[in-house]
Amino acid sequence: MKSESAALSATRDEVERLCGQCVLRLQSFELKLKAIVATHQVSGTIDTFEANRAKRNAETRRKTMGALVGEMMGSVLVPFGQEGPPEADEAATETCVTISRRIALPAEAYSRIEAEHRDLVALRNSLVHHFLEEHDLHTEHGCLVAGQALTSLIERVTRAEEGLGAWAIDMERAATLLIEKLDAPEIRDWIAGGKIPWSITTIVQALQDAATEMAQGGWASVESAATLVLSRLPDERPENYGCRSWRQVIHESGLFTLRIMKVDGRRRAFYRPRTLGV
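Residue 354 is where the sequence shown starts when you use my numbering, and the numbers rise one by one after that.
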């Protein structure tokens with residue numbers, strides 16, 4: 354009987370050790386969530402930008418794990434095709450700059466990660482509030498079952514935390530590239546004189562991708578390319594860049610060669626990147 358009591362005590366001690374490890378791992382996961390959510394988007398004028406960033410950090414620190422996951426999914430992580438621009442601050446009376454970083458995922462991967470993260474929230478709440486109700490720690494068998502559940506949760510949180518770490522690295526790289534871009538001459542010209550830095554705009558990059566995919570004989574249909582771009586990026590439209598049409602975007606950018614050809618008796622516009630030749 355004494356040996357059974359000693360075995361039970363040792364098994365319960367292991368459960369307590371695993372429980373502490375699990376709580377610490379969940380807190381580490383939550384801290385990474387806060388770091389990503391707090392910095393993925395910030396906006397403001399030249400005078401308010403830094404204050405807004407500090408305010409956002411303070412607000413994020415007070416959020417629960419459930420709220421953080423809710424903001425992570427759909428704001429930081431988005432399905433392909435939903436990478437639209439951030440919402441403009443309609444109340445702003447001065448020129449406002451918004452920096453937003455998002456990670457686009459295939460729909461299946463997005464749904465899987467969302468389910469995993471929401472499961473972790475539920476498991477974390479169960480651990481903190483109901484663990485003793487759900488597990489009998491007065492028997493060796495109950496302790497073994499509890500230990501298995503904790504070990505499984507630790508493994509799940511560790512995998513999820515590794516995923517957050519990889520995304521955080523990607524976002525830092527994006528931030529570094531953004532800083533380099535902001536220091537480029539074309540960006541300074543844009544800020545000072547309103548000249549659009551076409552080479553780094555999403556719409557031009559999308560047109561370049563479409564030309565690569567759709568070109569026949571070196572030329573891509575402007576109409577077909579526009580349809581493809583809109584199917585992938587519904588918010589990328591010529592009017593966002595002060596243009597009336599896709600042809601005007603192609604012409605104004607200076608990065609493509611535009612040609613009118615007759616196809617089936619109809620005049621149609623085709624284009625190709627200038628890197629392919631004039």
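Don't read these hints as lab results, they were simulated from the structure. Glycine included, each C-beta is placed from N, C-alpha and C at the ideal position. Fair warning: there could be bad hints in the mix.
As the list claims (entries may be wrong) - Just the calculated beta-carbon pair ranges, DEER-fashion:
(1) N410 / G595: 30 to 38 angstroms
(2) L583 / A462: 53 to 61 angstroms
(3) R370 / T529: 53 to 61 angstroms
(4) A420 / G518: 34 to 42 angstroms
(5) N410 / G518: 15 to 23 angstroms
(6) D400 / D366: 53 to 61 angstroms
(7) R370 / A457: 22 to 30 angstroms
(8) S552 / G373: 35 to 43 angstroms
(9) H494 / R370: 12 to 20 angstroms
(10) G595 / D472: 44 to 52 angstroms
(11) G607 / E576: 18 to 26 angstroms
(12) G434 / S381: 29 to 37 angstroms
Cross-check of the supplied hints:
With their beta carbons about 35 angstroms apart, N410 and G595 fall inside the hinted range of 30 to 38 angstroms. Against the hinted window of 53 to 61 angstroms, the Cβ-Cβ separation of L583 and A462 comes to about 23 angstroms, which falls outside the hint. R370 and T529 have their C-beta atoms about 40 angstroms apart, which leaves the hinted 53 to 61 angstroms range violated. At roughly 21 angstroms, the beta-carbon separation of A420 and G518 lies outside the given 34 to 42 angstroms, and the hint is violated.
N410 and G518 have their C-beta atoms about 19 angstroms apart, which keeps the hinted 15 to 23 angstroms range intact. Checked against the hint of 53 to 61 angstroms, the pair D400 and D366 passes, with Cβ atoms roughly 57 angstroms apart. Between R370 and A457 the beta carbon distance is about 40 angstroms. The supplied range of 22 to 30 angstroms is therefore violated. The hint said 35 to 43 angstroms for the Cβ distance between S552 and G373, and at roughly 53 angstroms that hint is violated.
For H494 paired with R370, a C-beta distance near 18 angstroms keeps the hint of 12 to 20 angstroms intact. Between G595 and D472 the beta carbon distance is about 46 angstroms. The supplied range of 44 to 52 angstroms therefore holds. With their beta carbons about 21 angstroms apart, G607 and E576 fall inside the hinted range of 18 to 26 angstroms. At about 32 angstroms, the CB distance of G434 to S381 agrees with the hint of 29 to 37 angstroms.
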